[in-house]
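**Q** Okay, here's what each chain looks like letter by letter:
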Amino acid sequence: MFLTIQRFTLLIISLLILVFYSIFTYYFLKQQNSMAAIVLNSVQNDMSKTSYTLSRYVKKSQNISRSRALLDRVAANNNFIDAIVIMDSSGVLLSTDPKYQHFEFPASSYLEDFKPYDRLMHTKILDGDIRFYTDNGKLQTLHLFFILDKDELDIYFSKNRGDFILYFGFFPFLLILGVYFLFKKHVVKPLEKLRQFAYYQSEIPKKFKLKELESIRYSMVQTFARLDAEKKELYRMARTDSLSGLANRDSLNEYLHRLIADSQRNNKEFALLFLDLDHFKTVNDSLGHNVGDELLQNIASIIQEVLRATDFVARVGGDEFVVVVNQYSSLIELTHIIQRIQEQLCRQWIIQTHPMYVDSSVGVAIYPKDGTDIVSLMKHADIAMYDAKKNGRAQYRFFTKELNKSVQDTITLDKEMRKALVNGEYQLYYQPKIDLKSQKIIGAEALIRWISPSKGMIPPDVFIPLAEENGFILELGEWVLQENIRQYRAWRDQGIDLKLSVNISTRQLLDADFADKLLLLVDENEIDPKKLDIEITEYIFMDQKNMKCDVLDILHKHGISISLDDFGTGYSSLSYLKKFPIDCLKIDKSFLDDYHTQDGAIFIETIVKMGQTLNMEVIAEGVESVEQVEYLKSIGCHQYQGYYYSKPLNTDAFEKLFKASL
Amino acid sequence: MFQKILLFFLILVFSSGCFSNNGTKLRISATTWIGYSPLFYAKAKGWLDPINIKLLNVVSLSENMYLYKAGNADAYVGTQYEYNILVNEDPTLKPVILFDRSHGGDVILGNKTLDEYIQTDEVINVYLEMDSINSTLLQDFLKFHKLRNKEIHYINQDQLHIASLKNDTLEKPTLIITYTPYNIQLRKNGFHELASTKDGLELFVADALFTNEKTFHIHKEKFVQLKKFIDQAITVLEEDPQEFYLTVKPYLLEVNFNEFQNSLGDIIWINKELSTELSMRLNEAGLPTRGLL
Chain A
0 MFLTIQRFTL LIISLLILVF YSIFTYYFLK QQNSMAAIVL NSVQNDMSKT
50 SYTLSRYVKK SQNISRSRAL LDRVAANNNF IDAIVIMDSS GVLLSTDPKY
100 QHFEFPASSY LEDFKPYDRL MHTKILDGDI RFYTDNGKLQ TLHLFFILDK
150 DELDIYFSKN RGDFILYFGF FPFLLILGVY FLFKKHVVKP LEKLRQFAYY
200 QSEIPKKFKL KELESIRYSM VQTFARLDAE KKELYRMART DSLSGLANRD
250 SLNEYLHRLI ADSQRNNKEF ALLFLDLDHF KTVNDSLGHN VGDELLQNIA
300 SIIQEVLRAT DFVARVGGDE FVVVVNQYSS LIELTHIIQR IQEQLCRQWI
350 IQTHPMYVDS SVGVAIYPKD GTDIVSLMKH ADIAMYDAKK NGRAQYRFFT
400 KELNKSVQDT ITLDKEMRKA LVNGEYQLYY QPKIDLKSQK IIGAEALIRW
450 ISPSKGMIPP DVFIPLAEEN GFILELGEWV LQENIRQYRA WRDQGIDLKL
500 SVNISTRQLL DADFADKLLL LVDENEIDPK KLDIEITEYI FMDQKNMKCD
550 VLDILHKHGI SISLDDFGTG YSSLSYLKKF PIDCLKIDKS FLDDYHTQDG
600 AIFIETIVKM GQTLNMEVIA EGVESVEQVE YLKSIGCHQY QGYYYSKPLN
650 TDAFEKLFKA SL
Chain B
0 MFQKILLFFL ILVFSSGCFS NNGTKLRISA TTWIGYSPLF YAKAKGWLDP
50 INIKLLNVVS LSENMYLYKA GNADAYVGTQ YEYNILVNED PTLKPVILFD
100 RSHGGDVILG NKTLDEYIQT DEVINVYLEM DSINSTLLQD FLKFHKLRNK
150 EIHYINQDQL HIASLKNDTL EKPTLIITYT PYNIQLRKNG FHELASTKDG
200 LELFVADALF TNEKTFHIHK EKFVQLKKFI DQAITVLEED PQEFYLTVKP
250 YLLEVNFNEF QNSLGDIIWI NKELSTELSM RLNEAGLPTR GLL
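If you read the sequences in order, they're chains A and B.
Okay, so the first sequence: first residue is 0 according to numbering that gives the first Met the number 0, each after it adds one.
Okay, so the second sequence: first residue is 0 according to numbering that gives the first Met the number 0, each after it adds one.
Chain A extracted, bound-state conformation (with noise of 0.2 Å):
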């Protein structure tokens, strides 16, 4: 068993309290008796002095009067003594307090075998004899009787013993007391302190006041300090590599450890880059391995400052750099990464005088999509990445062909999408809007086509996903626009007056400026907004629930007219019907399939109600037999569009059919 030292201290203390009350109680006892020996000598020494002074002139008992005085002065003088009582046979003849004038011949208590405070204390009166002789020369012999005054002993030896506790008892236990306490606090607490310090290292003590523990305090602060800065050094060590400063596969290996089990937990995936420098080889051969490490210092810096905060990179061997992304919204996001890389690396580089280039080829392994563990993302990287240096280096390979031929394809969309806009490929058609009253043509809805050199018609199905993922749909759109309102204008000139729509996406209607831009282009070309009709999703208002009312509003409140577009496919909540201001719904045409059917005409016709009642136009969309234009008509529906009156035209044949309209 082990004692803390504030225990032993305290085992110490008790011992010492122990030993010194002990003593205390020895000594105090001791003293009691001296000093009650004194009281009784005192006394006992006034009785003396009196019965001598007396037995000198006394002469007749019935003079002991005379010696009043003297008694008094006896009695007053000493504070133990309530009175004196002079007796003789016959009764008291003399006291020096009335009150024991009727004193009656006490019986002996004189208590020999006591201690003196014993006796004291047991003792109510002390007694003695006034010897005399009388004239005649006969010896008379009177009673002297000291009665002790109880009170006062009682209280002096109280005061005595209270003086005693108060002196020996209690101001040395307050100094034992504040000995511990200045022991603990400067001893005990300072070894609690170094020896937590010692195991946790958490909390540094701040200085000691004994300058022995303060020693210890300070070389233990300077050995820790010291070990712990070995410590980082070593760990930075193992998991950095020397010469490029970055993490090694060490390193790598426990991020990626942590990395997949945060993405098997959250459902998430992440891209690992397995990069290579090509030909790093030959820089080696040719100017030599000082070079070759220079190079690659300089390249490991260049990727650290083309990566984010979030990614992380890694050089796993000679010219070999591993780079894990796990924050991308998509793959074209994560294919710019790489290209990014490939851009900053394939440089001029002047190292030690010597210019070079390097260009780098990449494989790339999906988790959880090409593996679910480190050897088996690492090997499918490695594969990937061997597949691009095959394939005539200086590129990237996704390690799934199929994935990889995805990317590409999709690559390639977005740059020749991009370039089809420049280069005028893209044409608005127009699907005529007849009104079912009078079967005339009332409106027209524009359609993006793409029409390219080499590979004919591209359906927007094909690219508009594309352009609204990465943005491009807000410059396509900004096209279609102005397009549409020149299409008007030309139109307009011609005596064609026609209400013309046109789909807004998600993006165009968050750009804070879209309605701005909107405004100024209709105000420009000086055409009644009223001519122009937007359409948007249901969708947008699924997707974008905060989404400000305000650029609807505004467009409304200057006469361009809402549509909503495959109304019933959707979220469709009446909410915002009520919250936005739609002029119109646009029945979608998977309605329009099942007309036939009773729960399919439930719907129709319940939309149609719905609009007559909501004062919206209601508008079928997808209509390809008479069968449908007719019950359409039966139910009260305004409008309708689709390939039963015309597909979606190009302008020229759209003058055509309008004319022929007529």
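Keep in mind that a hint or two might mislead.
Straight-line Cα separation of at most 25 Å, PhoX-like style, residue types lysine-lysine; simulated pairs [unchecked claim]: (1) B/Lys53 <-> A/Lys98; (2) A/Lys98 <-> B/Lys227; (3) A/Lys149 <-> B/Lys111; (4) B/Lys24 <-> B/Lys226; (5) A/Lys454 <-> A/Lys439; (6) A/Lys206 <-> A/Lys192; (7) A/Lys149 <-> A/Lys29; (8) A/Lys414 <-> A/Lys388; (9) B/Lys24 <-> A/Lys123; (10) B/Lys24 <-> A/Lys158; (11) B/Lys68 <-> A/Lys158; (12) A/Lys98 <-> B/Lys44; (13) A/Lys158 <-> B/Lys219; (14) B/Lys226 <-> A/Lys98.
Keep in mind that the hints were calculated from the coordinates and are not lab data.
With the hints as your guide, set chain B onto chain A.
**A** What follows is chain B alone, placed relative to chain A:
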């Protein structure tokens, strides 16, 4: 744990301190003078014990004073003479309770007529307490009756001893400076009155209880209570002198009720509120009235 021990010790010390303070007795030294009889009444009635006052009794005014000076008494009774002796040594000494003023209580007795003293060429024996108001009374008497040229033999005795003198045993011209009740016995012993503070002496004599400032503060409550008891005793004396006499009789030597009644005529109680005139008179006599209870 340590806090508990500390608390225990603090309580112990505090309680012992309280006990010690409560147990401190106030010791008052007094002589047998009719003006102090209210003190004896209070003692005989047992009023003093509960408030822890111990009354010491001595037969000499000077001894009474020296008892206080020696520290065996905390307060003492006396006249302005005993006060003025000690106030020079302790400026904080002050009267706290007034008892009476002498109005015939201090007397000069003799065995000759006044003319015989004036005409005599013999040495005059004078019995008195030297270090007391007796001396002042004697000087006042000698001056008033132009006896200063006489040869005086001073015999310093306490009053109890003086009271045992008998006229038939003294041949030489003798003067006795005494006060009531000792004068009663001396008259019985054949001496006759030559002068008193009522007649034949100009001296103003007042009796009070004296103590110093420190003692007064320590025992202030006891003094206040004592003052109430004195007033109460004087009220009893005025309403039922017989009861009062019977209670204090053991303290007053062998004085009968009539003699006691007569001696009361030799003093005037001044325990109540002082008139401005009396206050001035007391101050002139060297007895400050500020701070009196």
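**Q** All the hints need checking, so say for each whether the structure fits it.
**A** Each hint tested on the structure:
The suggested pairing of B/Lys53 with A/Lys98 holds, with an alpha-carbon distance near 13 Å, which does not exceed 25 Å. Note on A/Lys98 and B/Lys227: the hinted pairing holds, with a Cα-Cα distance of about 23 Å set against a maximum of 25 Å. The hinted pair formed by A/Lys149 and B/Lys111 fails the criterion: a straight-line CA distance of about 51 Å is larger than 25 Å. As the CA atoms of B/Lys24 and B/Lys226 are separated by approximately 16 Å, the hinted pair is consistent with the 25 Å bound.
Of the supplied pair hints, the one linking A/Lys454 and A/Lys439 is violated, its CA atoms being roughly 36 Å apart against a limit of 25 Å. The hinted pair formed by A/Lys206 and A/Lys192 meets the criterion: a straight-line CA distance of about 11 Å does not exceed 25 Å. For a cut-off of 25 Å, the pair hint linking A/Lys149 to A/Lys29 stands: about 21 Å separates their Cα positions. Between A/Lys414 and A/Lys388 the CA atoms are separated by roughly 23 Å; this keeps the pair inside 25 Å, and the hint holds.
Straight-line distance between C-alpha atoms of B/Lys24 and A/Lys123 comes to about 19 Å, which keeps the hinted pair within the 25 Å bound. With a CA separation close to 12 Å, the supplied pair B/Lys24 and A/Lys158 stays within the 25 Å bound. Distance restraint check for B/Lys68 and A/Lys158: the Cα-Cα separation of roughly 23 Å lies within the 25 Å cut-off, and the hinted pair is therefore satisfied. Distance hint between A/Lys98 and B/Lys44 is fulfilled; the C-alpha atoms sit about 10 Å from each other, no more than 25 Å.
Restraint check for A/Lys158 and B/Lys219: satisfied, since their Cα atoms lie roughly 21 Å apart, inside the 25 Å limit. Note on B/Lys226 and A/Lys98: the hinted pairing holds, with a Cα-Cα distance of about 23 Å set against a maximum of 25 Å.
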